[in-house]
Amino acid sequence: MNRPLKRWNILDTINATLLIVVILYFIDFKNNATVSWIFVIVFAFWAITLIARNVMITRMKNNPNHPMHNQDKTQE
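Sequential numbering from 101 applies to the sequence shown in the numbering used here.
Because the hints were derived from the structure by calculation, they are not lab data. Backbone N, C-alpha and C fix where the C-beta goes; we use that ideal spot for every residue, glycine too. One or more of the hints may lead you astray.
[Said to hold, decoys possible] So the derived label-pair ranges between C-beta atoms look like this: (1) S136 <-> D112: 42 to 52 Å; (2) V135 <-> V155: 45 to 55 Å; (3) Y125 <-> V155: 25 to 35 Å; (4) L111 <-> I141: 16 to 26 Å; (5) R153 <-> Y125: 47 to 57 Å.
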């Protein structure tokens with residue numbers, strides 16, 4: 101039993117909330133440059149994977165020959 105892919109899920113909501121908190125309270129390039137850069141890299145990786153997932157879902161929905169095309173349509 102496969103579930104359809106979601107563009108945004110609870111983990112993305114948690115990551116977005118953490119991103120806002122980190123930007124507001126923890127990023128300090130003068131005193132903690134290493135930790136700040138680690139935060140920037142981690143959230144950049146999350147943003148890239150989020151964009152890539154959405155591109156993949158869009159391609160899947162637009163391609164009738166894709167193996168998951170019918171599965172996604174029937175379970176929405």
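Hint-by-hint comparison with the structure:
1. The beta-carbon spacing between S136 and D112, approximately 22 Å, falls outside the hinted interval of 42 to 52 Å.
2. Separated by about 31 Å at the C-beta atoms, V135 and V155 break the suggested range of 45 to 55 Å.
3. About 32 Å separates the C-beta atoms of Y125 and V155, a value consistent with the hinted range of 25 to 35 Å.
4. Here the CB-CB span from L111 to I141 is close to 18 Å, well matched to the stated 16 to 26 Å.
5. R153 and Y125 have their C-beta atoms about 28 Å apart, which leaves the hinted 47 to 57 Å range violated.
Violated hints for the displayed structure, listed by number in ascending order: 1, 2, 5.
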